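Asks: For this one, chain A is given, so just place chain B on it according to the hints.
Chains A and B are the protein sequences, given in the same order.
So the numbering used here is basically just the index in the first sequence, starting at one, shifted up by 1457.
So the numbering used here is basically just the index in the second sequence, starting at one, shifted up by 97.
Treat the hints as calculated values from the structure; they're not laboratory data.
Nothing here was measured: the structure is a model prediction, and the numbers come from that model.
The list that follows gives simulated cross-link-like pairs (lysine to aspartate or glutamate, EDC-like), each with its CA atoms no further than 20 Å apart: (1) A:Lys1766 / B:Glu439; (2) A:Lys1703 / B:Glu217; (3) B:Lys408 / A:Glu1816; (4) A:Lys1703 / B:Asp211; (5) B:Lys332 / A:Glu1573; (6) B:Lys257 / B:Glu207; (7) B:Lys272 / B:Asp211; (8) A:Lys1667 / B:Glu171; (9) A:Lys1703 / B:Asp213; (10) B:Lys332 / A:Glu1567; (11) A:Lys1501 / A:Asp1821; (12) A:Lys1667 / B:Glu169; (13) B:Lys332 / A:Asp1569; (14) A:Lys1703 / B:Asp212; (15) A:Lys1667 / A:Asp1629; (16) B:Lys408 / A:Asp1731; (17) B:Lys332 / A:Glu1647; (18) B:Lys408 / B:Glu394; (19) B:Lys272 / B:Asp213; (20) B:Lys408 / A:Glu1812; (21) A:Lys1667 / B:Asp170; (22) A:Lys1539 / A:Asp1529; (23) B:Lys194 / B:Asp370; (24) A:Lys1501 / A:Asp1731; (25) A:Lys1501 / B:Asp406.
If you only want the chain B side, here are some residues facing chain A, beta carbon under 8 Å, derived: (26) Leu119; (27) Val126; (28) Leu164; (29) Glu217; (30) Gln277; (31) Gly278; (32) Asp335; (33) Ala404; (34) Asp406; (35) Leu413; (36) Ser414; (37) Phe417; (38) Val420; (39) Ala427; (40) Leu428.
From the three backbone atoms N, C-alpha and C, an ideal C-beta is built for every residue, glycine too.
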Amino acid sequence: MDFGPMVSALMRNKTGAILVAVQIAVTLAIVINSLYIIVLRVEKINRETGIDVDNVIVAYVRGFGENFDVVDSITNDIDLIKSIPGVRAATVSNHVPLTGSGSGTGLRTEPDETIESVPTARYRWSAEGLDALGIELSRGRNFYPEEVNYILPASNPPTPASILVTQQLANDLFGEEDALGKTVYWGSMEPSTIVGIIGRMHGSWVGWDKLENVVIQPGKPAYTSDKYIIRVEPGMRDELIPVIEKELGESNRQRVVLAMRTLEEMAARSYRSDRGMAIILSIVISLLIGLTALVIVGLASFHVTQRTKQIGTRRALGARRIDIIRYFMLENWMITTAGAVIGAVLTVAVAYWLEVSFELQRLDWRYLPVGIVVLWVLSSLAVLEPSRRAACVPPAVATRSV
Amino acid sequence: MFKYNIKLAFKSMRRNPAMTALMVAAIAVGIGVSMTTLTVFYMMSSNPIPEKSDVLFAVTMDSWNPLRPFDEDEPERAPHQLTFHDAERLLALAEAKRQTAMFESSLIIEPLNDDDLPFEAGARVASSDFFTMFNVPFLYGSGWDKSTDSSADPVVVLGKELNERLFGGEDSVGKSLTMQGIRFRVLGVTDHWEPTPRFYDPINGGFQEVNDMFIPYSLTRVLELRSEGSDWGWKSEDITSFEQWLNSENVWVQYFIELDGARDRDEYVSHLDAYVGEQKKLGRFERPMNNNIYNVEEWMAYHEVVANDSKVLVGLSFLFLVVCLLSTIALTLTKFVGKKAETSLRRALGASRKMIFKQQIVEVGMIGFTGGLIGLSLAALGLVGIEYIYEAPGGLVKMDWIMVMTAIAVAVISSIIAGLYPAWRVCRIPPATQLKTQ
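Looking at chain B on its own, in the form it has when it is part of the complex:
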C-alpha cells in the first residue's frame, strides 16, 4: 500500500512540476538557511570538554582599584585575570586538586640547520597540571612533572603541527631546539587538539587556534617572558625592572583549577577569601571581598563566547523557515484543492477518508524529504561560505550526524505539519459531487 502511495505521490508531483519544484525549493531554502545559522550557533555554544566542564574553574580575585570596579558596566565582577605574584602564591598553596597559571607568549625558534630561517612560534606558558586538567592528547612523550614547576628546566611540549615543521613529524622526544639562546629539551608532542570554543582562554579569543607549543610557567622569570595576550592595570607604579613588573598590580595571568567535584566550590572560594584576607592586612585588595570561580560553561557565558550576531541570525533564519512553511501550506492547499475531481473519483471508487489522508501526507512527506536533502547541501555550501567570510580555520564549523538528522527531521516533520490542514480539507471532499458536472 505504501508503495502505491509513493507511486501516486510521484504521479501527482509530476502533474504539476512547477508547483512541486516551488514547494521543494521553499523547504530547501528554509532548511538551508536555518541549518547554516544553527550549526554556527551550535558550534559556538558547544561544550568543549563535557566530561570535566563542571569541575574545571577559572579563578578571579578582586585586586582592582579601590575607587572603581574593573568593569564599569558589570561592577560586580572582579578582574578576569590575576597578578603574577598572586598566581604564583596560589600555585604554591596548591589548594585545589590541580591548578595551572598561564598566559600567551611567543619565542623565536632558532634554525636547526644553517639554511633554515629563524621563526616565531606562539607558546602557552603553563604549569605541569595543564595537560592532565584539560585532557590534552599526546602523540609522543608527556608533559613536564611537578618538579619542573619550581626548577624551571628549559623543556617544551610541541604541538603536532610545529613538530611536523621542525622534525618532520617523527618522535622528537629527547631532541632539543634553541629558543632565545637557550637549549630546550622536547618532552612531548601533543596530538591534534582543538577544543572549540578554546575554553581555557576566551579572553584572547574563543575561536583561535591552539598555541604552537607549551613551556613551563617557571620559565617566566628566567626568560623574562611577557604576556602577549591582554594585560590590564590601574595603579601607577614605578616599574624599571622585570622583577618590578612581576610584582606590580597589573593583571595578566589566567588561573584555572580542577576540583574533585562541583560541591567543593564554596570551600575553594573560602580558601581564596582567606588568602585575600591575609593580603588585605598588607594593604592590598582594598576593594570589598569579591572572589569567584566560574566553571567552563559559566566562563564561556561570562565572556559572551557566543556572538550576539549568531543568535540574531538564528532567530531571523527561523522566522525565514516559518515563511517557507507558510509557503508550503499555501501551495499544498492550492494544489490539493485543485485535485478535487481526482479525489472525488477515488472516494467514489471506494477509497476511505483515511486512505486519502494518508496519500496526501505521503506526498508532502516526500516533498519535505527531498527539500531537506537539498537544504542540507545548501547548508553545507553556506557553512563553507561562512568559513570564508569569517576567515575561520577550515572545518571549524561542520555538521555532525546530529545536525544532519535534525535537518531531515525538521524538513519532513514541518512539511507534514504543513500538509495536515490541506489533507484534512481534501479528505472531506464528498465522493460524488465533483463528478456531477463531468
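The shape of chain A in the complex, shown without the other chains:
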C-alpha cells in the first residue's frame, strides 16, 4: 500500500490528527507511570512476612485500681487464654509486628560508640512468642523458659544473655560470616549472644526500608497496658475472638480488655495508604483508557461517515473491502505511532519528575515497549468496527449526489 496519499490526506486535517496523537501520548505517559506505581505497591503489600498473619489475634488489656497486680494478672490471663480449646500459643509482648507501633534500637558488633550501629526493630516476648506468631526459627535455638522473666515498668531490664535475630539483621551486622553464637552490643555497650536465627520476619513499620531487621529479647513486659499475641488453629480465629474477650472480661474486674484485633486487619491498616494509592490509580487509568478508546472510536466513526462518498468512489474505482479496512487501520496506526513516539518522551519526563520530586522508584524501562505494543493493539481494536463499517459502503454511493 502506498503511504503517500494517506499522508497527504492526514495533512489536510492535521489538527485533528495531531490532537489525537497528543492525547495518546499523554495517555501513555499517565498509564505507564501509574501502572508502575501500582505494581510496586501491590508487590509491597504482598511481601512474604514470615508470620502466620491469618491466625493471629491480639488482645490489648490494661489494669487499673490500687490492688492491681500486673504480674499475677498477666500470668493468669495467659494461662486462661491457653486453656481455651483452639488456642495454639500465647505470649505477652512489648509490641506487635506489622502494626505500625513498635520499638527500635541499634546494635553493634564492637563495644565502640563511635562506630555506626545497625538499626533494628526490637521485640520482647516469652519462649512461646515464635509459636504465637508462627515464625520459623531457621537455625539455633529458641529461649529457654528460665531465660524469660517479667519486666516491670520504670526499671532498666537486665541485658539478656541470649537473643534471636533475623537473617537480614545478621547479614547487616556480620555480612557473609555466620552470626550464630556471635556477640552483639547494645547502646549501653553491654553484650548479648545470638542463639537463634529467624529466616524471615517483618518488624513493625511496613514503610521502613529495614523492615526485616528484627531482634528478639526474652522477657514478659509487665506494663500498665499490655498486649497478648494469640495464635489459634486455622479457621477458628473469628469464633474465638468473642470467647477470649468474654473469658478475660469475666476473670478479672480490675483489668479492662481495651480491644481485640486480628493481625490481618491491623496489617491491612498499615498498608492502607499503599492499597489506597493502587486502587485510586487503577480507577484513574481504567477511566483514562476507556475515554481515549471511546474518543478514537468516536472520531473514526465520524470520519467514516464524512468520507462515505470518498470511500464509495474508491470502491467504484476498484478498491476491495480489505483495502478500505487497511486504509483506516493504517491511518490510525500512523497516528498511534506518532502518539507513541511523543508518549515515550513524555513518559520518561513524567517518570523523571516523579523520581526527583517525590523520591519514587525509577521507572523500569521495560514498561515502555510493552505499553506501546498494548497501545497499538488497543487502538487497532478501537478502529476495527468503524473501518468494517467503512468497508460496507457500496461502490454505488459514488454515483449518487449527496
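Replies: Leaving out everything else, chain B in the frame of chain A:
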C-alpha cells in the same frame, strides 16, 4: 439573542447525541478525577489556624547525642520533642506570651454507675495556656487557670463526645469522675474541635481525631503518666524510678509557644540559646548550639503532613484533565467541521462571523457546564470512596464552596478554551461555497 444561541446549541447537541455525550463525559470524568485529588490535597495542605499560624511556634532544642545527629537524613535538625525536665524549666521561665508543654496519654475512667464498665479514654496532657493558644472552643466552663500548672489539682476538660458518653451531653461543670483511683473535677467541656491537619501534634499523626479529654501537665508526676505518643532516646541511662525517667535524656514532650508577633522570633530563640548555654556548663547539650522554632506552616512542612502520594495524584490527575480537554478539542473540531453546510447557510443568510463564533462558544460552554456538574457529583462520590479506602473519619474531606466554584469554573473555562480553535475554524467558512454542491 443569548436565548436563541442556547436554543441552537441544544438543537446541535441533540443532532449528534453520542458525540455530545462523549464530550460531556470527557469533561465530567476529567473534572471528577482532578477535583477529587485536589480536594484531598487542599484538605491536607490547609491552614488549620489561619488567624494565628504565624505567632504559634513549635520549639526544638538540640539535646541529642554528641556523636551523631537526631536524624541522619536531615542532620541540621534538632530532635522534634524535648526532654521532660527541659520542658518543665522552659515553662517556669515563661519567656513567651503563652506556652504549653504537652504529650498524649490515656486514663481508665471508672464507671459512674455500677452497671457500666470501665473504659480507656485518650488524654492530652497540657498546660493551662493550651486552650487560649489554640483557640479551643468551649461549650461549658473553661480550662484550668495558671495556678493549676503548679498545684496539680485533679481537674479535667472533657471533649464534647466524651461528655455525651459520660453525662449525656449536659453541662457537667463541677461534676466529678474517677480516673486511676483519683476523683477529677470537670472544669469545662469543649465544643466540637477538629483542626485539620491536627497541627499541634503532627508527630503522632496529622489527621487523627482530637483527644477525648485534657488534663493538666502538672499531673504527670502525681499520676506517673507516660507518653503514649512516640519517645526517642540516645543515652543509655540507669532508670529504676519514674523520677529518673523524667530526668532522663529521652525526648517525648512537645512544646508550643505563642509570641506577640512573628518579629519576636529571634528574641525567643536567643532565650533558648541562653538556656542551653547554662545547660552546657552543666555538661548537657554537647552538640553545637541548634535551637529553632517553627511556625504552624513550617511545622506542617517539617513533618511532611501533605503525603507525597497526594501530590503525585494531583499531578497525574491534572494530566488526565489535559487528556480530557484534548478529547474535547478533537471532538469539538470534528463536530464543527461536520456542520460546514449549516454554518455556510447561516452565513449566507446574513449571520456575521462574530455571531457564528459566539454560537460555537455558547455550545461548548454549555457542554462544559453540564460536564462540570456531573464531574462534581463524580468528585463527591470519589471523596466518599477515598474516605472509605483510607478509613478517614467521615466528612474529613469535603468540598467547600470554593472547591465547587473552582470545579465549575475550570470545567466551563477549559471547555471554552478547548472550543476556541474549532470555533475560529468554523467562522472562517465562507458563506456560499458549501451551498454550491447541493
